[in-house]
Amino acid sequence: QQQVKQSPQSLIVQKGGISIINCAYENTAFDYFPWYQQFPGKGPALLIAIRPDVSEKKEGRFTISFNKSAKQFSLHIMDSQPGDSATYFCAASSGNQGGKLIFGQGTELSVKP
Amino acid sequence: GAVVSQHPSWVICKSGTSVKIECRSLDFQATTMFWYRQFPKQSLMLMATSNEGSKATYEQGVEKDKFLINHASLTLSTLTVTSAHPEDSSFYICSAYARGNGYTFGSGTRLTVV
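The listed protein sequences derive, respectively, from chains P and Y.
Note that my numbering gives residue 38 to position 38 of the first sequence, counting from 1, and the numbers run on in steps of one.
Note that my numbering gives residue 107 to position 107 of the second sequence, counting from 1, and the numbers run on in steps of one.
Bound-form chain P, shown alone:
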């Protein structure tokens, strides 16, 4: 119930391509779905987040698509750049209450020049 399942585990994309990472959850009490980017030896940094009352949110090259009925959400990185090479984590929580933030397993993205 508390798990967030993320795929793929690793992803290789050519520069300029689209990177897509998917996540699924079970707990319908979750109401906050962020994506984090983490570089080696650093803490995770918030990229973009969505709440279940919208189906899509876009910020620059990053887009979250959210499917409430399927309990799935995904991150799309448009025009991927080598600087985007990092590990990406989806997460979920009952954010309004400051609840536990549960992380997916992570996706190691490598963008080839």
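Heads up, a few of these hints could be off.
[Claimed, not checked] Computed Cβ-Cβ distance ranges for the label pairs, DEER-style:
| no. | chain 1 | residue 1 | chain 2 | residue 2 | range |
| --- | --- | --- | --- | --- | --- |
| 1 | Y | S15 | P | S69 | 44 to 54 angstroms |
| 2 | P | A29 | Y | S73 | 26 to 36 angstroms |
| 3 | P | N22 | Y | K14 | 38 to 48 angstroms |
| 4 | P | A29 | Y | S54 | 20 to 30 angstroms |
| 5 | P | A45 | Y | Q60 | 22 to 32 angstroms |
| 6 | P | G16 | Y | P86 | 39 to 49 angstroms |
[Claimed, not checked] Chain P side only, calculated, beta carbon under 7 angstroms to chain Y, not exhaustive:
| no. | residue |
| --- | --- |
| 7 | K42 |
| 8 | F103 |
| 9 | G106 |
[To be verified] Below are the DSS-like pairs computed for lysine-lysine, each with C-alpha atoms no more than 27 angstroms apart in a straight line:
| no. | chain 1 | residue 1 | chain 2 | residue 2 |
| --- | --- | --- | --- | --- |
| 10 | P | K100 | Y | K64 |
| 11 | P | K100 | P | K57 |
| 12 | Y | K66 | P | K100 |
| 13 | P | K100 | P | K71 |
| 14 | P | K5 | P | K42 |
| 15 | Y | K41 | P | K5 |
| 16 | P | K15 | P | K42 |
| 17 | Y | K20 | Y | K55 |
| 18 | P | K5 | P | K57 |
| 19 | P | K71 | P | K57 |
| 20 | P | K5 | P | K100 |
| 21 | P | K68 | P | K57 |
| 22 | P | K42 | P | K112 |
| 23 | P | K100 | Y | K55 |
| 24 | Y | K41 | P | K71 |
| 25 | Y | K14 | P | K42 |
| 26 | Y | K20 | Y | K41 |
| 27 | P | K58 | P | K5 |
| 28 | P | K15 | P | K57 |
| 29 | P | K42 | Y | K66 |
| 30 | P | K42 | Y | K20 |
| 31 | P | K57 | P | K42 |
| 32 | P | K58 | P | K71 |
| 33 | P | K58 | P | K100 |
| 34 | Y | K41 | P | K112 |
| 35 | Y | K20 | P | K100 |
| 36 | P | K42 | Y | K41 |
| 37 | P | K5 | P | K71 |
| 38 | Y | K41 | P | K15 |
| 39 | P | K42 | Y | K64 |
| 40 | Y | K55 | Y | K66 |
Source of the hints: derived by calculation from the structure; they are not laboratory data.
Quantities reported herein were computed from a predicted structural model and do not represent experimental measurements.
Every residue gets a Cβ at the ideal spot worked out from N, C-alpha and C, and that includes glycine.
Based on the hints, put chain Y in the right spot on chain P.
For chain Y alone, kept in the frame of chain P given last:
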């Protein structure tokens, strides 16, 4: 934007000693602090949740006597790894939550126990 300062960024200690890691929200008051542990190539695993002035709530399998959490104020939480052993070597990350700011993460502490 919201900033969380975590210190030290790395520490090496001898087996059997204790290490304290500090997490401080610099420009906001955090209602809740979270402590995570991350092994190489793995995800962040929540260790405990703490609210200012009350005892921390530990996740299943986390030894509360080994990982002491103190949340003395709305801007400061500390994690003390007591009687550290090599298997405690890991990357420890704190997160501070405030309504309106969401979750803000520290930069992490690399603990190596030798």
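Comparing the hints with the structure gives:
1. Y:S15 / P:S69: 44 to 54 angstroms: Taking Cβ atoms as reference, Y:S15 and P:S69 lie about 52 angstroms apart, which means the hint holds.
2. P:A29 / Y:S73: 26 to 36 angstroms: Roughly 30 angstroms apart at Cβ, these two residues keep to the hinted range, so it holds.
3. P:N22 / Y:K14: 38 to 48 angstroms: Distance hint for P:N22, Y:K14 holds at roughly 44 angstroms.
4. P:A29 / Y:S54: 20 to 30 angstroms: holds (22 angstroms)
5. P:A45 / Y:Q60: 22 to 32 angstroms: holds (28 angstroms)
6. P:G16 / Y:P86: 39 to 49 angstroms: This hint holds: roughly 44 angstroms between Cβ atoms.
7. K42: holds (6 angstroms)
8. F103: It holds, given that the least Cβ distance between P:F103 and chain Y is near 5 angstroms, below 7 angstroms.
9. G106: This hint holds: P:G106 lies near chain Y, its Cβ roughly 5 angstroms from the closest one there, short of 7 angstroms.
10. P:K100 / Y:K64: Answer holds: P:K100 to Y:K64 is near 18 angstroms, not above 27 angstroms.
11. P:K100 / P:K57: Judged against 27 angstroms, a Cα distance of about 23 angstroms means the pair holds.
12. Y:K66 / P:K100: holds (21 angstroms)
13. P:K100 / P:K71: Cα-Cα ~18 angstroms, so holds.
14. P:K5 / P:K42: This hinted pair holds, its Cα atoms lying about 23 angstroms apart.
15. Y:K41 / P:K5: holds (16 angstroms)
16. P:K15 / P:K42: holds (24 angstroms)
17. Y:K20 / Y:K55: Answer holds: Y:K20 to Y:K55 is near 17 angstroms, not above 27 angstroms.
18. P:K5 / P:K57: holds (21 angstroms)
19. P:K71 / P:K57: It holds: about 16 angstroms lies between the C-alpha atoms, which stays within 27 angstroms.
20. P:K5 / P:K100: holds (16 angstroms)
21. P:K68 / P:K57: holds (14 angstroms)
22. P:K42 / P:K112: holds (22 angstroms)
23. P:K100 / Y:K55: holds (16 angstroms)
24. Y:K41 / P:K71: Judged against 27 angstroms, a Cα distance of about 26 angstroms means the pair holds.
25. Y:K14 / P:K42: holds (24 angstroms)
26. Y:K20 / Y:K41: holds (24 angstroms)
27. P:K58 / P:K5: Distance of about 22 angstroms is within 27 angstroms: holds.
28. P:K15 / P:K57: holds (23 angstroms)
29. P:K42 / Y:K66: Judged against 27 angstroms, a Cα distance of about 24 angstroms means the pair holds.
30. P:K42 / Y:K20: holds (19 angstroms)
31. P:K57 / P:K42: holds (26 angstroms)
32. P:K58 / P:K71: holds (19 angstroms)
33. P:K58 / P:K100: Status holds; Cα separation ~25 angstroms.
34. Y:K41 / P:K112: holds (20 angstroms)
35. Y:K20 / P:K100: At roughly 23 angstroms apart (the allowed maximum being 27 angstroms), P:K100 and Y:K20 satisfy the hint.
36. P:K42 / Y:K41: Roughly 13 angstroms separates the two Cα atoms, so the pair holds.
37. P:K5 / P:K71: The hint holds at about 11 angstroms.
38. Y:K41 / P:K15: holds (23 angstroms)
39. P:K42 / Y:K64: holds (25 angstroms)
40. Y:K55 / Y:K66: holds (15 angstroms)
Hint check: no violations occur; every hint is consistent with the structure.
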